[in-house]
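> For reference, the chains in residue letters:
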Amino acid sequence: MIVNPVDPVRKDVVAEHQPLLNDDQNDTLLFEKLQEYILAHYPNPERVGCPDPAVLKRFSDTPREVELSDLKDLHIFKCAECTRALIELRRQREQAKTL
Amino acid sequence: MPLPSPSDLCWNVKFPPGQEWIEKTVRGAIETIWQRAQSTARAQLGDESLAVEIMEVAIQKAVNRLNNGAPLEPGEASLVLSRLYAQEVRRRRNGNRKLVFLGSSAELPAKPVQNQFSSVDSSLDLEVILHGIPSEVRLALLMRYSRTRWTEVAAILGTSEASIRVRCQRALKRIRQRLGINEHGK
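Which chain is which? The protein sequence lines are B and S, in order.
Residue 99 is where the first sequence ends in our numbering, and the numbering goes up by one at each step.
Residue 186 is where the second sequence ends in our numbering, and the numbering goes up by one at each step.
Bear in mind the hints are in silico, worked out from the structure with no lab data behind them.
Being a predicted model, the structure only gives us computed values, none of them experimental.
Treat the hints with caution; some may be incorrect.
Unchecked claim - The calculated DSS-like cross-link candidates involving lysine-lysine, where the alpha carbons are at most 27 Å apart (straight line), are:
(1) 57(B) to 33(B)
(2) 57(B) to 72(B)
(3) 33(B) to 78(B)
(4) 33(B) to 72(B)
(5) 173(S) to 72(B)
(6) 78(B) to 173(S)
(7) 14(S) to 24(S)
(8) 14(S) to 61(S)
(9) 33(B) to 173(S)
Model the full structure from these sequences, guided by the hints.
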C-alpha cells in the first residue's frame, strides 16, 4: 500500500495502529491495560450481579479471607463499577499506609 | 519469563489413580525430550512458547496410551511421547498453512470499519479467554488484578510464586495478545 504522507485519512489509519508494548517481570502493564479495558468495555451502572461492597473491601484489605464464590467468580473482570470500587479501595489503603 | 520445567508440565495432566509407574515413566520421558521439543516448536512453528501447550496435549495422549496398553520401558516411552509431540506439531503446522492471504492491502477500506457491536464482541472475547480456567488460577488472576503481589498471591494459595505464575501463564498470554502487550524480555 502506498501511503500519501499528507493525506489526513491515511494518517488516521497509521495513528490507529498501536505498536506492541513491553511489560515488566511482574506483568504490571498487563494488569493496568486490563483495568483500562474493563473500565472502557464493561459498564455496569445498575450494579447487576456485583458482590457486596464489604466483600470487595475485604478482598482489597485481606484477600486471604475471601473465596472465589464471595466475589461471584470472575464478575470483577466484567464490571467497570467493581473495578472502580477496587481502585478507590486501593487508594484509601495506600493513603492510610502513608498516614 | 522462562518456559516451565518438565515437572511443571504435569500439573494439568490427569494421571490414573493407582498407576504411579505411569507418572514416573512420563516424567522421565518429558525430561528426555523437553529441550528438543522447544527447538522443534521454534523451528517448525516460529514460537518456542507453543511447546508448552503442545507438550501438554502429547503428555495427556501418552498417559492414555500407557494406561490402555502394555507397560513400556523408559526409552520406549520417550519415543512414544516424542512421536505424539511431533504429530501435534504437524497438525498445527498444517492448520497454519490453511490460513492464506487474500487480496492486498490496497483493497482495505481507507477508514477503519466502525463496529457497533464492538463492546459485545469484547465481552465475548474475555469470556472465551477465561473460559475453563481452574478456580485457583481465577482467584490468583483476580488477586493480581487488585494489585496483590505475585509473592503474596502464592503465599495465600500455599504454593510458590513460580508455580502460580506458570499456572496463570496461558490465560495471561491470551490477555496479552488481546491487549497487544509483549511479555517481559520478549
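> What are the numbers of the hints that this structure violates, sorted from low to high?
none
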